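Build the full structure now, drawing on both the sequences and the hints.
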Amino acid sequence: MEQLEQRGAIPSATGTRLLEVSDLQVEFRLRTGVVHAVAGLSYSLDRGETLAIVGESGSGKSVAAHAVLGVLTSPPAFVTGGTVLLQGRNLLTMSEPERRRLRGDDIAMVAQNASLNPVFSVGWQIAELFRVHRGMFARDAMKRAAELMDRVGIPSARQRVDDYPHQFSGGMRQRVGIAMAMALEPAVLIADEPTTALDVTVQAQIMALLAEMQEQTGMGLILITHDLGLVSEAADRLAVMYAGRECETGSVEEVFRKPGHPYTRGLMRSIPHMDRKQTRLEPIGGSPPDLMNVPPGCPFHPRCPIAQERCRTDALESHEIGSGRMSSCHRVHEMWDDVNDN
Amino acid sequence: MTTDGIASVDEPLLRVEGLVKHYPIVSGAVRKKNTGALRAVDGVSFELRRGESLGLVGESGCGKSTLSQTLLRLVEPTAGHAYYRGRDIFAMSRKELKDFRRRVQIVFQDPFESLNPRMPVGRIIAEPWAIHPGIVPRSEQRKRAAELLEMVGLKPKHIDRYPEQFSGGQRQRIGVARAIALNPEIIICDEPVSALDVSVQAQVVNLLQDLQKELGLSYLFIAHDLAVVRHIADRVAVMYLGKMVEYGTESSIFERSRHPYTEALVSAVPVAKFERARRERILLVGEVPSPANPPSGCRFHTRCRYAESICQESEPELSARGVPGHEAACHLADVPANMSITNDSTAAS
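For the record, the sequence lines run as chains R and C.
Under my numbering, the first residue of the first sequence carries the number 44, and numbering increases by one thereafter.
Under my numbering, the first residue of the second sequence carries the number 779, and numbering increases by one thereafter.
Calculated from the structure, these hints are not laboratory results.
Among the clues, some could well be false.
Here are the computed lysine to aspartate or glutamate pairs in the DMTMM-like style, where the Cα-Cα straight-line distance is at most 20 Å [to be verified]: (1) C:873 to C:963; (2) R:301 to C:963; (3) R:320 to C:963; (4) C:921 to C:905; (5) R:320 to C:1033; (6) C:933 to R:333; (7) R:320 to C:988; (8) C:876 to C:891; (9) C:991 to C:925; (10) C:1051 to R:255; (11) C:991 to R:325; (12) C:1051 to R:381; (13) R:301 to R:205; (14) R:186 to R:171; (15) R:186 to R:205; (16) C:1051 to R:325; (17) C:1051 to R:297; (18) C:1051 to R:318; (19) R:320 to C:918; (20) C:873 to C:854; (21) R:301 to R:279; (22) C:991 to C:928; (23) C:1051 to R:296; (24) R:320 to C:1003; (25) C:1051 to R:279; (26) R:301 to R:333; (27) C:935 to C:905; (28) C:933 to C:988; (29) R:320 to C:1053; (30) C:935 to C:925; (31) C:991 to C:1012; (32) C:1051 to R:205; (33) R:320 to C:1012; (34) C:876 to C:905; (35) C:876 to C:963; (36) C:935 to C:918.
Keep in mind the model is a prediction, meaning the values are calculated, not measured.
Written as structure tokens, this is what we have:
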């Protein structure tokens, strides 16, 4: 764990760009047609920062993450455009062996359900990272695995290294997943719905663990989720996705106080609040589009309360709406003016 | 108690007393022996009144779903009683039970798995009428199914479509239409919105509330999303390891909770970083113990930050705290300094 501390000692977070994604395009070529799962996504991540990527199912948030890691199944998925710069190196143009060396060491992922192999012990699977990436001997690697399990809060880790995945509860398996992702102290950790399957009390434990790890190593965290409550608590900045397109990006506080896209605003109005009882929720009408059949113009226009003719026809553009804030809404300024009028 | 359907005025629609459901733990491959019991529900009592929503919250494995299954007698209880309009559900004859199940319907969590993919929605909605003939005559069933579709916000002309042609939110509306087809009095909603997209959840929540007003329904609303429960419930029951640990009105549970488990559960809900009034976060250590071998005394004592020796020794009963109707099962709930969940509470000492 010395390494962890050393990294923490490096002068702090600000200003170091870890990851820069620009205009990422991913399509699935299926027999029935082409699905543009991600049609233009741009974001950046600094050291020590947490960026949330928010969207519903089918918004492309997980596909984009898999594209960044280079783990899409191709075919049917193809990255058709954009750049992904990880500490200055373009992940999309490098060879698979090069990328494989970076994975785990520089960029790692925690999935919704820690994907563990049921026929190997948990300790063996964590130790594999040290054996493969660090060339350690099995015995030393197992020792490191036990240390790591202890660090992520698995009780009596030394006894449990030889247990198999089915002997762990969901929360504990997720801790194992985090241990594996953290094993090589990556600069960037992508957490794809890390707590969606867990109870709130366990979610609080897992998020506290991630925050602690981040504090110690200064890693950048990409948190992929649909849970706005979690975003408001855990993230510094967010990017909202809808139907494979980016709706808006900005700091969490600014976006929550004054959303820059009718979709974000609608989402925030539609969720109930814990601290007060409302009489009625204000839902967004309709449902998210089928990606085979994304509406032209702004994909949100059929559900948008302020859509106009140009929203049905004009292609999306990014509008800068403040420092570090972007919105793809054609009518964002009118939307804001309306708010001021009321 | 009255003998027929009409109960006395203050008799609640549903009254549950000391309900227990233990599943036997069987071991041995050849000579099977009962070596213990999984105490899924272990002595739960509550009432559900007409037109009211009772929220049931707790972590996975606390017995919420077993409770709802036992109430419908889909599984037989180990002990305890439940009265529907004064009649004991567990002593009902087949015929009475059939009538009872007409009055109590259920909406399931997963709208993708709870609708038969090979039936058009008109038939899905009409299926209950085949089991309970005489409610809607056969000749009018199609018309009535179309009306129900309209009531839940779907287009009547889509009556011949199949479930796969609908989105998740629309499918859950179909599930609701099927549940209200028999004019029930009680609907058990088992995580009805947790499988839906965020932007669609509010639509279904509003639909449930509208139907409640329109039809005078009572809901037993099971969910793990506390904000949704707070929104929809009049009263809330908190369960932990098969026991009810706190029971009260929505505002007393969420604003003046008296049980440390409820306190921790509420505090675990994320709060925006930038909000001034942040609650104190109580991180529970460890995990829920196994219901096969629950801790002695108060079942929560192994994770409770206030626990004292009495908590290990004797099991606290649900008893009244503060306002009438607010009950908590905690030895220390009377110590006022302990439990205060105000918006800016600092660590209780």
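In rising order, the numbers of the hints this structure does not comply with: Violated: hints 2, 3, 8, 12, 13, 16, 19, 26 and 32.
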